[in-house]
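**Student:** As given, the protein sequences belong to chains A and B, one line each in that order.
So the first sequence is numbered by this note's numbering: it starts at 1 and just counts up by one.
So the second sequence is numbered by this note's numbering: it starts at 1 and just counts up by one.
Calculated directly from the structure, the hints in this document are not laboratory data.
Computed from a predicted structure; not experimentally measured.
Note that the Cβ used here is the ideal one computed from N, Cα and C, for glycine as well.
Treat the hints with caution; some may be incorrect.
[To be verified] Pair by pair, the computed Cβ-Cβ distance ranges are:
no.: 1; chain 1: B; residue 1: E82; chain 2: A; residue 2: A27; range: 15 to 23 Å
no.: 2; chain 1: B; residue 1: P169; chain 2: A; residue 2: E161; range: 31 to 39 Å
no.: 3; chain 1: A; residue 1: E161; chain 2: B; residue 2: E60; range: 17 to 25 Å
no.: 4; chain 1: B; residue 1: M1; chain 2: A; residue 2: R25; range: 45 to 53 Å
[Said to hold, decoys possible] Reference excerpt, derived from the structure (chain A facing chain B, CB under 8 Å, subset only):
no.: 5; residue: M1
no.: 6; residue: L26
no.: 7; residue: V65
no.: 8; residue: G69
no.: 9; residue: N72
no.: 10; residue: L118
no.: 11; residue: S137
no.: 12; residue: Q203
no.: 13; residue: G252
no.: 14; residue: E253
no.: 15; residue: Y377
There are 2 protein chains.
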Amino acid sequence: MIAEKMKNMVANSSAIRAMFEEGNRLAEIYGAENVFDFSLGNPNVPAPEAVKKAIQDILEEEDPVALHGYTNSNCGYADVREAVADSLNARFGTGFEGKNIVMTVGAAGGLNVILKSLINPGDEVIAFAPYFGEYRSYTNNYDGVLVEISPNTADFQPKLEEFEQKITPKTKAVIINTPNNPTGIVYSEETIKKLAAIMEAKQKEYGTDIFLISDEPYRELVYDGAEIPYLTKYYANTIVGYSYSKSLSLPGERIGYLVIPDEVADSEEVLSAANVATRILGFVNAPTLQQKIVAKCLDEKTDISYYDRNREALYQGLRDCGFECIKPEGAFYLFVKSPVADEKEFCAAAKKYNLLIVPGSSFACPGYVRLAYCVSYETIVNSLPKFRELAKEYF
Amino acid sequence: MIAEKMKNMVANSSAIRAMFEEGNRLAEIYGAENVFDFSLGNPNVPAPEAVKKAIQDILEEEDPVALHGYTNSNCGYADVREAVADSLNARFGTGFEGKNIVMTVGAAGGLNVILKSLINPGDEVIAFAPYFGEYRSYTNNYDGVLVEISPNTADFQPKLEEFEQKITPKTKAVIINTPNNPTGIVYSEETIKKLAAIMEAKQKEYGTDIFLISDEPYRELVYDGAEIPYLTKYYANTIVGYSYSKSLSLPGERIGYLVIPDEVADSEEVLSAANVATRILGFVNAPTLQQKIVAKCLDEKTDISYYDRNREALYQGLRDCGFECIKPEGAFYLFVKSPVADEKEFCAAAKKYNLLIVPGSSFACPGYVRLAYCVSYETIVNSLPKFRELAKEYF
């Protein structure tokens, strides 16, 4: 009965659901504390206390009709958009105005809005493997074609030569994600400059506009003082997608934004299209209470030291067991080389020890596995003896 | 730069935005109290006090990590889905379980989820004029073809003969909306039975499944004790889309649900597809705090007497001026016959008196205009002398 396009996706999602149900089944048998679920990127640091305070204040301060009503523009409250622009300008020396900001239903909503706005059937969207698997679905929603750049497993920086070769006159957008899911890698400023230069040259060569879409839900989650360049300063046709899911631990509330700078080609038209896309895709507007909350919490941060402790413990622990992995500089994922070529086999072996990890094929990078370390420190500490047992099967 | 599909929509939406900006411009010149804006369906009755109380209680009761986190299923919290099912069963004698409920980002989100789940390119979706113009955009999102049944201006009940003729082997869905936007009409039980019988017969004739999608944001907004039949009881392949936008005055918060009953053909597959569609369209899940709020407010109702007073005043007032309209039995719209064939001309004339009303062409029903009476009673009382002056131009 269902749409043809959905059939494969339903089949695949059943596999993920099966994994989730397996986790629940194991927890029932062994107790939740004896199941080590590294499969989900659901933050376990609570939202800052300021979020609760913001909600309580908003309920007292705001007229409920305005608070819970439709926003005048589908792009969100004017004051919230201005506050977001001001905050970005203060942090990054940019020159955005409220009109450049589109409040969205999380980063996933924002990516759909901008792809709907830009993509014609057959247009190509480039992503660097390993990448968040949903990019393929989002591109497919608008009959675009996802073009993959193969993974550079040496250091997981993007393969720029292959990138240059794969840009065609049909390339409409390039999605990058730094800090990266699933590797935790941060693209260096040098990488960004090279990437921008390649895109500039190709725009000239083909007489096209190629949009750089920077998917930044992990921007605030960086370690060891790593710097995340603000992409709009390096390449004019840059559109930023942001989410408060990780930075304020609000993933279920679905709140984020797009930045569409004036420097983007036909920026007014793109902004109008994003406004319409927000409406007709059924978002209508980002949840209004959440818009007001984030405007009050622009300077709040999640407790990065919590994730940092997990990062150190898991990275060191796995290295000590003999596993190979690159130390993440951001996000809350560790991308580990599977000791056998078929990483799904490795995931199955891990499950025998109640270790739940995700195969790299889900991120277009077979031979690796992703561990999300947004779990409790105890989970990590208690999982290490299990990883040691698992390692003994291979080393 | 923008996608071809978006170009017309951006052009049209500019017209709507122009109207909105015109309202703001008039308000600046004449004062907001002298501008009578009947153009928007944004409820002006505040959310029940119980909503505020629910938020405060939830903040105290719930673990913030769980409260603001991703839900385990993209369809929403299991306990919320069960509570919604139980509430429907108690009210309508249905037999739903939690698994039949998909929490959505409002009704607009729900309609997009179900159309994405069902529609192949070229599939036909039938709507009865006058209808909410977004149905065309939503259908177009998935390359479906909206097939229009012409309006029955005698009483705005659906034209069932034309409906029967226009069902083809490509008809995948029929959208109905009762109480109706823009007419305020309620489909009688007799109408529903006939409609169901036609659809049953056509399913048999063509060997197809034709889904009845009941878009019900106005279910609770009925007057004079009118009854809204619960559609799943009349036709097996019925899917209900609901929203709390009007019933709890939460339109900006984007919270509603789909009901996909077991009786629907391949219901498990359709439910799986709705789950995946919720994810890949970028909704991910309905906002989590709002899910918890509505679960606590299932028995709350908006103050219908407020809208009823507006209805009576506006309906009588306009009739007294000589305008023709059918008295609405539900929702908060009045659909008025334009005294001239080109209703856009009439809307322009009304604007001279600072009366902002929407042309029926936006609802595929030229020759009529829509007035949204979810405004203050004072707005209605003060607008009537203006309508009287306007009427003098015609009668």
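**Student:** Which numbered hints turn out to be false for this structure?
**Tutor:** 2, 3, 6, 12 and 15
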